[in-house]
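J.: Mind assembling these two chains? They're in different frames, but the hints should get you there.
So you can see what is in the structure, the chains are spelled out below.
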Amino acid sequence: MDYLYDGSFDGLLTSIYYSYYEQKAHGIYPEASYQFNMFTPSTVIQSDPVLAARVYDAIDRKISVYSLMQIYYVYLSNNPAKENLILKYLQLGFQLGPKIDSIHSHPEVLPIRQTAKKVSFEAERFLGLLRFTDTGSYLYAVLEPDHNILILLADHFADRLAGERFIIHDKKRNLAIICNKKEWYLSDSSEEAAIPDSETEQFYQELWAKYFTRISIENRKNKKLQSHFVPQRYRHNLVEFRKSELL
Amino acid sequence: MGTLEKLAVLADGAKYDVSCASSGVNKHNQGGIGNSKSFGICHTWSADGRCVSLLKILLTNYCIYNCNYCVNRNQNDIPRASFTPREVADLTIQFYRRNYIEGLFLSSGIERSPNHTMERIYQVLDILRHEYHFYGYIHVKVIPGADPALVNKTGLLADRMSINIEQPTEQSLKLLAPQKTLPVLFAPMNQIHHQMTQNASERKIFRHVQKFVPAGQSTQMIVGASKDSDLSIIKATETLYNRFQLKRVYYSAYVPVNEGPNLPALSTSPPLLREHRLYQADWLLRFYSFKADEIVNEQSPFLDTDFDPKISWALRNMQLFPLEINQASYEELLRIPGVGVTSAQRIIRQRRLGNISYNHLKKMGVVLKRAKYFITCQGCYYGGIPAESALVRQALTPVAKPVQLCLF
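If you read the sequences in order, they're chains A and B. Residue numbering for the first sequence follows the numbering used here, starting at 1 and increasing by one per position. Residue numbering for the second sequence follows the numbering used here, starting at 1001 and increasing by one per position.
It should be emphasised that the hints constitute simulated quantities derived from the structure, not laboratory data. From the three backbone atoms N, C-alpha and C, an ideal C-beta is built for every residue, glycine too. Mixed in with the good hints there might be a few duds.
Said to hold, decoys possible - Which stretches of chain B does chain A cover? Using the computed rule of at least three CB atoms under 8 Å from a CB of chain A, they are:
| # | segment |
| --- | --- |
| 1 | 1029 to 1035 |
| 2 | 1045 to 1051 |
| 3 | 1099 to 1107 |
| 4 | 1343 to 1355 |
So that you can see chain B by itself, here it is in the shape it has in the complex (with noise of 0.2 Å):
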């Protein structure tokens, strides 16, 4: 099989990963090729509208497992193909010269046994490291399974290393992958936490002690191949930040792709609005200092889909609203409808000059349509229904688009 070919089936078999970010660290060349931003760069965008940023492949997309919902379960009648690690090699640094992509994430199909794949990922990284003396970026996943040696010295070479978990819960996990249990998936993600504070507190001590894992790690979830709720989904995420600092939760939502008696049927959509309330509820986990319990609770087990989860909860929170812009804290203005990180610091540094008019709100950001309900600007409250939930709710829900009927 030619390079071609090849490249087509380990790109196929990697584009359910939704991970793509190249952010989080900032290296110069040191005489080679290469370097990174931590900011990240986005090198183009595919035709589903996903940035790609690396390259994302699959070392081999053969494996030994037969998780239910992936498209390179050992049962499935796909082309199987496997690149050596050097192939993985050149082809990174010739798209990487040609400005095609900011680096490498490799993932793989567990061939043999999780310590075999494991070393043909640390191969690949050794020669584009220490052969080519490549500085850009370089994300791999971790295979769980594998030797806590190997993980260690893959590490040092990495920037960012992943494992994905999958399913929020030990049942569902259980039942779509029932190779893998929870606990062999927070093994590696332990010891990379655990390393990575390690390696921190060293390097405050000896300056020149080599980084390991410098840009963190990440997971994904699969939204959607089984029952489980947005509170399991945002629980499990806040334990993830909290227990093991994790930089990132991806959320995947779950696109058909086998048949089997425990996953949606074929023709099931994937559920996109799903996955974008999520990823706005794991920013309020991540920027807005908001608690899971606060986003989803018992009595609400999922997100609303006409509101982003911000809205939601200020309107079942109005006793607080409104708040004077003039007066509010950060973290109050932070919970605001409309207000997000930069128009919150544009406030707060403009106040400290003299007051803030509504005229100005606009001009600094600030999503007024939304905003306007649940704030005052010195003293008046320019959202012309009163500040009910109910009421507010209505004046924001979203208008069907009329639609012109049809005469015959």
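Bound-form chain A, shown alone (with noise of 0.2 Å):
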């Protein structure tokens, strides 16, 4: 049997409910991109927070908090079997607990520890490639990350930037941070922001793109490294690049 969720985390634990309880799973796809076929019968799980909530407090204490965030982390990377990976690693960690964790190179742990650094790989990244625009009212950043990684920027910006109004915008997915100078909250839809060429905005970004092109030094110049550092998919959205026309 086939399990089809709404793409949600809730969703995916949920199914993980059912596969123990109900009948096991034999995999479990976002319903919205599911290929059905004539030999596997599929039901469409309806997302319930109660189950949901019971298991994850069941890998919280049968497995360890390390197993649940990396969970977490597969869950928002953009491996199109990762629903699979999850359900696979969670069967051997429900059998063997937190011993999980110390068993690297496992075939069903080493597909999610790559994954999930992945993931944690680039929001940390992003913790540093994100640039903000002052629109007068409120602080303006678009990204386009290859993974789902913007509800793991949220804390971190809405600490650093207390007392500010900000948005975060991930393009690609058309989801967006949104803080009003203490919570934040993640909406769904976002439109791209109408930034104001105000003359301070215009004064401040010249300024860090000159900063970025003297700061390097020409006798040590090394465009390879760079690129291994700062990826041309992430380029346009960033100030200095656009500016100095490294793009």
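T.: Below, the structure written as structure tokens:
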């Protein structure tokens, strides 16, 4: 039996609940992109916060917080097989308990570690590679990450920019973090902000671009190394690359 | 002069300082702006591939000193500029709000006197911390010769402080920076170290005592401006770590900016490979519990350019290898070329649950290409050639890329 879920983390955990208490899941897939076929029957799972919370607690108690975090990171990844990686990992996890955190090279564990690492790496990268523009009434930042890391950035910036209104907009998925000086929430639709070309904003962007070009040492030039750290696909959202034509 | 020009001039003067880390301290915003993460955050990478984490600028590039290697020495005919403390503070805040930077790295030429300059540096920190309530990262240079009281009150506002010793030995310092001496540089280093220790013990009793330089202190040495060997550089580094508990020692491959009888010619390219090898050696000192004389010694005072220092050490000590992966202690695992801190920890953890096979090792991040000559796995040796120094050396030597010959 294939389980189809609505794409939410709760939905995924609910599917796992049913896989244990109803019928074993052959696979779990997001309903929106599922390819029906004649031989595997499928059923749509309604996500249920209560059942999801039970699975969540069970992972926390019987496996570990670390595993829980890893699963969440994998859930945020763009890996097309992520639901099934998580399902298999949890099946092993409920057998082994916290020991699962030590067997890095196990075939069910390794892909989880690798995928989770990609996600957490990208999230950490964007703590630095995010650029805000001052629109006059709030700060606005846009990003197009490979993985769905937006939510992993929220707490960091809400703490850092306490006292400011800001929007962080994931243009690829059309999600946004909106913060009103204190609390933040995730909104699932957002318009791209119309940014007025204020003089002060232009001034600071120019200053930054200037600083950026001056800080590099000509005799040590190493474009390959730079590309390794700032891949081309992120550059069009970065002031210093846009302004200095290093795109 | 406008802010744009000033920034250009004063960024130019600061860029040869390599330190740009924003690590070592976790801080939350307590009603103002900013926080810090102990892992440090890089915000962008410049065209030379170096990380940009902090707004690294000079307060002024006027300088009363005339250090041979320095672009800002007083006899150089270059554009000069100074920021006011308020300009620096405003720039920092505006860049920080837009998430361009993680904080400020403030250095300075010495204008008028060490005390005068140190006082102005303090003013920048005072505005940032007390007026803007800025909780981001601040790294400042201590001006050697400044009043210890000034250094102390600046240290209470900074996250990290550093004094560049620039040259590893007294002789080369005398040759290249005749107005500086090691004791003058060591005095504030010693003061900061002493006060950090004292501050830590006071904070054990009184929780609200203000932190003094919570992210520790660092220093920098220029590599290749003088004739010093890697031996003296690494020895000096080890002494600095032991004596002052420095967080980091940075190495900066000398970029020729000045002409002079005691300096390499302007056409010399910066010794980047040597700098890289020194950083590798520094890692061995800090994270792999190596001693300086294990890495270099009187017989071979320079680091091998073909091999990283850990392989060189292993090749000189083949009698210790091969080590059994399933039995070696953590310290022994760390000494195997191709095994890093992460993979050593993984090996230790997974070993508790069962034997580790050769196939597991690659998945744990071990670089078998190097490690295979130095290990056995469940009693088997997978190197393919006898584990003898000369043979392994040959097998590990990087092969020169074949070049297509030209027919005409």
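J.: Could you run down the list of hints and mark each one as holding or not?
T.: Status of the hints after comparison with the structure:
1. 1029 to 1035: Contact hint for the segment 1029 to 1035 of chain B vs chain A: holds, 6 residues under 8 Å.
2. 1045 to 1051: Satisfied; 7 residues make the cut.
3. 1099 to 1107: Three-residue rule met by the segment 1099 to 1107 of chain B, so holds; n is 3.
4. 1343 to 1355: Coverage by chain A holds for the segment 1343 to 1355 of chain B (5 residues, Cβ < 8 Å).
In summary, this structure violates none of the numbered hints.
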